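Here is what each chain is made of, one letter per residue.
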Amino acid sequence: MRNLYKYLIYVSLATFTCINSSFARDPVGAATLKENPNLPVDYVWILICAFLVMFMQAGFAMLESGFCRAKNVTNIIAKNLIDFCLGSIIFFAFGYALMMGDDWHGLIGTTGWFMFGEYYDVSKYLNMFWMLVFCATSATIVSGAVAERLKFGAYLIYTLVVTGIIYPIYGHWAWGGGWLSKIPLGLGFLDFAGSGVVHALGGFVGLAGALVLGPRYGKYKNGVPQAIPGHSVSLAALGVLILWFGWFGFNPGSTYSAHHLKISIVALNTNLAAAAGGISALLISYFNTGKWDITMALNGVIAGLVAITASCAWVEGWAAILIGFIAGGLMYFSVRLLDSAGIDDPVGAVSVHGICGLWGLLTVGIFADGTYGVYSVEPPYAVGLLYGGGWGQFLAQLVGLVVLFIWAFGAGYVLFKVMDRLFGIRVSPEEELKGLDIYEHGVPAYPDFYSKV
Amino acid sequence: MRNLYKYLIYVSLATFTCINSSFARDPVGAATLKENPNLPVDYVWILICAFLVMFMQAGFAMLESGFCRAKNVTNIIAKNLIDFCLGSIIFFAFGYALMMGDDWHGLIGTTGWFMFGEYYDVSKYLNMFWMLVFCATSATIVSGAVAERLKFGAYLIYTLVVTGIIYPIYGHWAWGGGWLSKIPLGLGFLDFAGSGVVHALGGFVGLAGALVLGPRYGKYKNGVPQAIPGHSVSLAALGVLILWFGWFGFNPGSTYSAHHLKISIVALNTNLAAAAGGISALLISYFNTGKWDITMALNGVIAGLVAITASCAWVEGWAAILIGFIAGGLMYFSVRLLDSAGIDDPVGAVSVHGICGLWGLLTVGIFADGTYGVYSVEPPYAVGLLYGGGWGQFLAQLVGLVVLFIWAFGAGYVLFKVMDRLFGIRVSPEEELKGLDIYEHGVPAYPDFYSKV
Amino acid sequence: MRNLYKYLIYVSLATFTCINSSFARDPVGAATLKENPNLPVDYVWILICAFLVMFMQAGFAMLESGFCRAKNVTNIIAKNLIDFCLGSIIFFAFGYALMMGDDWHGLIGTTGWFMFGEYYDVSKYLNMFWMLVFCATSATIVSGAVAERLKFGAYLIYTLVVTGIIYPIYGHWAWGGGWLSKIPLGLGFLDFAGSGVVHALGGFVGLAGALVLGPRYGKYKNGVPQAIPGHSVSLAALGVLILWFGWFGFNPGSTYSAHHLKISIVALNTNLAAAAGGISALLISYFNTGKWDITMALNGVIAGLVAITASCAWVEGWAAILIGFIAGGLMYFSVRLLDSAGIDDPVGAVSVHGICGLWGLLTVGIFADGTYGVYSVEPPYAVGLLYGGGWGQFLAQLVGLVVLFIWAFGAGYVLFKVMDRLFGIRVSPEEELKGLDIYEHGVPAYPDFYSKV
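Sequence lines, in order, name chains D, F and R.
Offset between the first sequence (1-based) and our numbering: plus 881.
Offset between the second sequence (1-based) and our numbering: plus 881.
Offset between the third sequence (1-based) and our numbering: plus 881.
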C-alpha cells in the first residue's frame, strides 16, 4: 500500500525526473560536510542572507502600498504576496532547472526539474533557495509599475511567465554559465548581485506593462501629468528601510561564501551608495521645488542600492558614494521624463530599478578596481576604465545591458500585449475609480476609517 | 557592605538554588570553547535564529492588530507586548527548569530555577534563550483567539500560567526528555520545531478561551455568523511577512547546530509550504466566493508554515508543497466550521495554529523520508508511511497529538473557567462596544483620524 | 585618459590621504584570511549584527512617527531617514578617523580619512561599517526630542556636527583608545555596547535641543503639561519591537567576535532587561493612573534595553532583570519630571536614552560579576561593588558619566544655540499649527484620510 502511494507520486513527476542528469546526492548532509568541514559558516552566511532577501518582500509590499491610494492597498498587497507564493513554486518546479541546470548551447539549463532524484542534496537545496529569493525579488518589482489598474488574474499569469521563463533564461545567460558570462571581453559580462539580472529585468518588464496598460484615470489633465500621492508616507518609509536592511543579504551574500572577507567591503559599499542616492535625490528635488521631497529621497535610496548591486564587490568606498549619488539623480530625471512621456509608473519602478539597474551594470566597467574576480578572491580580477582596465569590461557590460533591455522589454511587451488581446488586462473604469480592493478582493484595506478616495 | 547586598539577594532566591543539580559552569565561555573549538558557528547560527524567532513577536502584533477593529488595537498590541515581557521573566525563573531541567519520572524537569549557581554557563544561557523565544511564540498565539473582549488583567494571569506551567510541562514531555519523546513507536513522538509543542498548544488554549468567553457582540445575527473585517490589511500583511521571515529562524534553527547541513533543506521546505498554503487558501476562497480574498491567503501562508514546522527536516520539497497546500485548505474549512459552530476566533488562531499544527504532527508519520534522525545526521532516521516506515511513527504522532489536544484544551479551559468564576474575564458590554482601548488603556490607537467604529 | 580621471580624483582627496599612517592593506581579503583562518565566522557575526543595528533605523522611524501627530509624520520620517544617509557619508569621510584613527594625546584620532590608501582593507571596512551603524543610532535619537518644531535645514546641520564631531570625539575617549578608557580606576571607564557613548550622548544632545527650542504650541496650559497623543500606537509598537530585535545585534555583536561564547549570556541579559523594563513601566503607570498605559510600557522596554547596554556582558541574568526593572521606573519618573519642568520631549528620548543611559553606565560598577574583561575572555575581569570589586570601577563609571553629560549637553547646547542665533531653528507658529509636512516637504503623510489635527 505504502509503496503504491509512493509509486503514484513518483510516476506523476517522472517526465521531469528522467531528464535530470546524474549528480551528487546527499540529503543527509553528512557526506558534504565530511568533504568540506569549513562549510557550516558558509551555509549560515548564505542562508541568513537569503532570509534577508526574502524579507525584502515585506519591503516591497510596504513601499508599493504606501505609494498607492488607500482604495488599492489590498490589491497591491495581494499582488506582492501572491507573486512570491506562486513564484516560489514555479521557480522550484521549472525556473531553477532552466536557469541553473546543465547548460545547453549557452542558451538554457536543462536539469534539476522539481529538485528530483539526484537533486535531493543539501548543496542543491541551498542554491535553489538562494536563487529563488532573487527571482521573487525581480518578479515583485513589476507590481509597482502596473499598480492600480492591472487585473489580478492577469497578474497571476504574468507571475507564472516571469518566474518560469523570462527571468530564468536571462539568468542562465548571465549567471548560469550561459553565453553572456562567456563573451570574450574583460572577464565576460559581470553583474555581481543583480543590478541587471534582477532589477533592470523587473524594471523593463514593468515598463512594458505600464505601456500596454496606459496611464491611470486622472494621471493626465490636458496632457499635463498630475501628482497622485500615495496613501501613507510612513508605510513607504518602512518599506524602504526594510529593503535597505534586506539588501545587506542581497549584496554581501552574493559572494556565496563567508570565506571571502570581501563581504565587509561589499556591505559598506552597499550602505554608502544607498545613503548617497538618498541625499542626491533629496537635494535635487529641493533645488527644483523648494521642498524637501521625502518620497524622492526614499526612491533615491533604492536607486543607489540598485546601482551598486552590480559592482559592490569590485569598487572602493568613494566610488560607491559616487555611483549612488549619480543614481539618485538619474532616478529623479527619469521619473520626470517618463511622466512627461505619458508613461504612468505609480511607484517609479522603471526609473529606480530599470534605469539605475543599467547604470549599475556600466559602473563595473568604469570603477572596478582590480581586487576581486568572478565570485573569487583569486585572479584574474575585474578592472574598469578608471583603473587601467581599458574598454574590454566596459564593452562586456554594454553588451549585457543592450541584450537585457531587448529581452526584458520585448518579452514583457509580448506577454502583456497577448494577454490584453485575449481577455483584456485592465480593470473597468468604474472599478478603477472606486478602487480595486472591493471589486477584485471584496476586502477594503481600511474599513474603519473615513477615506477621501 | 557589598557582601551584605550580595548575601541578601542570594538568600532571597536560595529556595530555588538549593535544588539545582551540579552542572558544568562556565560563564566566561573559554572552557566551553576549548572543549569544542567548532562551537562559534553553532552559537552564531542558534543566536541569530533565536533573534528571528523573537522578531515573530512583531509579526503577531501586526497580524493580530491588522485583523482587529481600530477601537481595540491598543489592547491587542498591549497583550502581544506584555505576554512577551512577562513570559520572558517567568520562563527564565520557572518555566525553563520545569521544561528542560533534570527529568523526574518523565513528567517534569526539576533543575535550573532562575539559571542560578551551576547554571551560570554559556551553553545553558544559550539554550534558555532559545527555549524562551519559542515559549513566547506559543503564548502570544492565544491573544488572537480571545481578542476584542478579554480583560487585560485576565490576560496577565493567563500569561503567567501558560509560560510558567502549561507550555513547559508539555514541552518537557516532548522536548525535555519526558515520556512522549520515549514512547516505543518509531523514533518516539517527533515534533521538529513545534507544530504541536508551540503552535497547536497555543491554538487549543486559545480555543478554550474563545469558548469560555463566547462570541463578540455583533458576530452573530439570528445565528448567522457576520464578517467583522479588521482595520488594516497592510498591517496584517506586514505581520504575515514578518512571521514568514522569522520562521526561517524557527525551523532551520531547530537543528540547533550549523553542522547539520540539512538546514538548507529545512529552509527551502519552510518556504515551499508557506507558498503553497497561501496559494491553496486563495484559490479555495476564489472558487467559493468569486473574490481573491487576501485575508485568507495571509492566513493560508501561516497555515502552511505551521504545518511544515513539525516535519521540515524530514521531508522532500514536493512533500513540503503538498503539506502546505493541504494546510491552506484545512485552515479555510476550519475557519468556516468554527464560525458556524458559534465559536468566535477573531483572527483564526485556532484554525491556523491548532488544526494545522495537528496536521503538521501527522505529516511526520506520513512523509518522513529517512534522511534525518532526532536532531541528528546519524541514524536511526525517521521514516513515514510513504517511505516504507510502517505505522510506528504515525502512531507515535497520533499519541502525541491526542495528548496535546487534551492537555492544551483541558488546562486552558480550566484556567479560563476558574478566572471567569473568580472575577469575570469578559469586559462590560459598553466597553466592548466602545472599544477596549480607552477603557483599559486610556490610549486610543489612532486619535488623529475619524473612525467609524 | 583613464589615468587622468584617476589622477584628478585622487588629488582632490590627497589632503586627507597624506596624513593616513601606514597600515595593513588587503582589499582582496585573502591575506587576512590566511593569517587567521578562523575569521569567517567572526565576519559573519559582526556583519549580521551590524545589519540588525542598521535595521534599528526603521525602529526609530516607526516609534518616533507613531508618537507624533499625523500632521508631522512626513517630517519626522524625513529626519530619521536623512540623518542616516548624511551620517553615513560624514562618518565615512571624517567621523571614523576622528574616533578610531591613531590616537593623539588621548583626545582624538588622526588617521583613516575617507578610508583611503592603506585603509582599503577588509578589516578596516568591517570596523568602519560596525562603527558607522552605531554612530547613526546615536544621531537619530535626537530627532525625537526636537520633533514637531525643528526646521528641517537645521536638522541637516545638526546631523553633520553630531556624526562628524560630537559623537566621534567622545567615542574616541571611550572606545578609540582615548583618555577615558585609560583612567586608572577599575579597568578604566567601561561601556560595553554604548549605554553612554551612543544612547546617553544622543539623549543629552536632544535635551539641549529641546531646551533651546522650547515646548510645542499647546503643550502647556497655564503651566500644566498636556498630553499630546501620538497618531499611531501600532506603528509605535512596531518600532519598539524592531528596536528590540535590532538590539540583539547592538549588544551581543559588541563582543566583536563569535569566539567569545559570552554572546549567549549577552543576548539573554538583553532580553531580560527589556522585558523587565516594560513590566515595571506598565505596573508603575497602572498604579498611578489605573490604566494599563501601553505607551509607557513601550518606552519601558527601550529604557531597559538602554540600561543593560553598558553592562550586558558583565552581569548575571537576575541582575539584568533588576537593571531593566529600575530603568523602567527611572524612565517613568524622568518623563514626569521633565514634563513638569517645562521641557517638552515629544517621544521621551531624554528620559529613555539619556537618564537610563547614565543608569546603565553605573550598573557596570555595581553588578559586574568578574567573568569578562575588556572585550576579552582573558583576565583581568571587571568586578563591581556587589562582587567585591570595591569602588574603583564604580568611580571610573562615574567619571565617564559626568564627562559625558557635560560634553553631550554642552556641545549640543552650543550647536543649537548658535544655529538659533544665526537663522532661527524653530518653524513659524502657523507652520507648527498646520503641521510641518506640507510646509517643509509638500507631502502630507496620509492624504487619503480625514484627519483631526
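If you're looking for bench data, these hints aren't it; they were derived computationally from the structure.
Keep in mind the model is a prediction, meaning the values are calculated, not measured.
Don't take every hint at face value.
[To be verified] Some chain R residues well away from chain F (every beta-carbon gap over 12 Å; in silico):
| hint | residue |
| --- | --- |
| 1 | R906 |
| 2 | D1174 |
| 3 | W1199 |
| 4 | V1284 |
| 5 | I1287 |
[What the hints assert, rightly or not] Selected chain D positions facing chain R (in silico; Cβ < 10 Å):
| hint | residue |
| --- | --- |
| 6 | V922 |
| 7 | S1113 |
| 8 | L1116 |
| 9 | A1156 |
| 10 | Y1262 |
| 11 | R1307 |
Note that beta-carbon positions come from the ideal geometry of N, C-alpha and C, so glycine has one too.
Fill in: Interface hint outcome for V922/D [beta carbon to chain R under 10 Å]
5 Å, holds
Discussion item. The output says W1199/R does not contact chain F. Does that hold with a beta carbon cutoff of 12 Å?
Written reply: 6 Å, violated
Worksheet item: Does the claim that D1174/R lies outside the interface with chain F hold up, using a Cβ gap greater than 12 Å?
Response: It is violated; D1174/R is separated from chain F by about 6 Å at its closest Cβ, not greater than 12 Å.
Worksheet item: Per the CB criterion, is L1116/D less than 10 Å away from chain R?
Response: OK, holds: L1116/D within 10 Å of chain R, min 9 Å.
Worksheet item: Minimum Cβ separation between R906/R and chain F greater than 12 Å?
Response: Fine: 27 Å to the nearest Cβ keeps R906/R off the interface.
Worksheet item: Is the hint on A1156/D kept, meaning its closest Cβ partner in chain R is under 10 Å away?
Response: 4 Å, holds
Worksheet item: Holds or violated: is the Cβ of I1287/R farther than 12 Å from all Cβ atoms of chain F?
Response: Holds, since 29 Å exceeds 12 Å.
Worksheet item: Beyond 12 Å from every Cβ of chain F: is that where the Cβ of V1284/R lies?
Response: V1284/R clear of chain F: closest Cβ-Cβ about 25 Å, beyond 12 Å.
Worksheet entry | Satisfaction of the Y1262/D interface hint, Cβ to chain R closer than 10 Å | 8 Å, holds
Practice prompt. Mind checking the CB of R1307/D against every CB in chain R and telling me if the closest is under 10 Å?
Written response: Constraint on R1307/D not satisfied, violated at 22 Å.
Worksheet item: At a threshold of 10 Å, is the proposed contact between S1113/D and chain R supported by beta-carbon distances?
Response: At about 6 Å, which falls below the 10 Å cut-off, the nearest Cβ of chain R leaves the hint on S1113/D intact, so it holds.
Hint violations for this structure: numbers 2, 3 and 11, all remaining hints satisfied.
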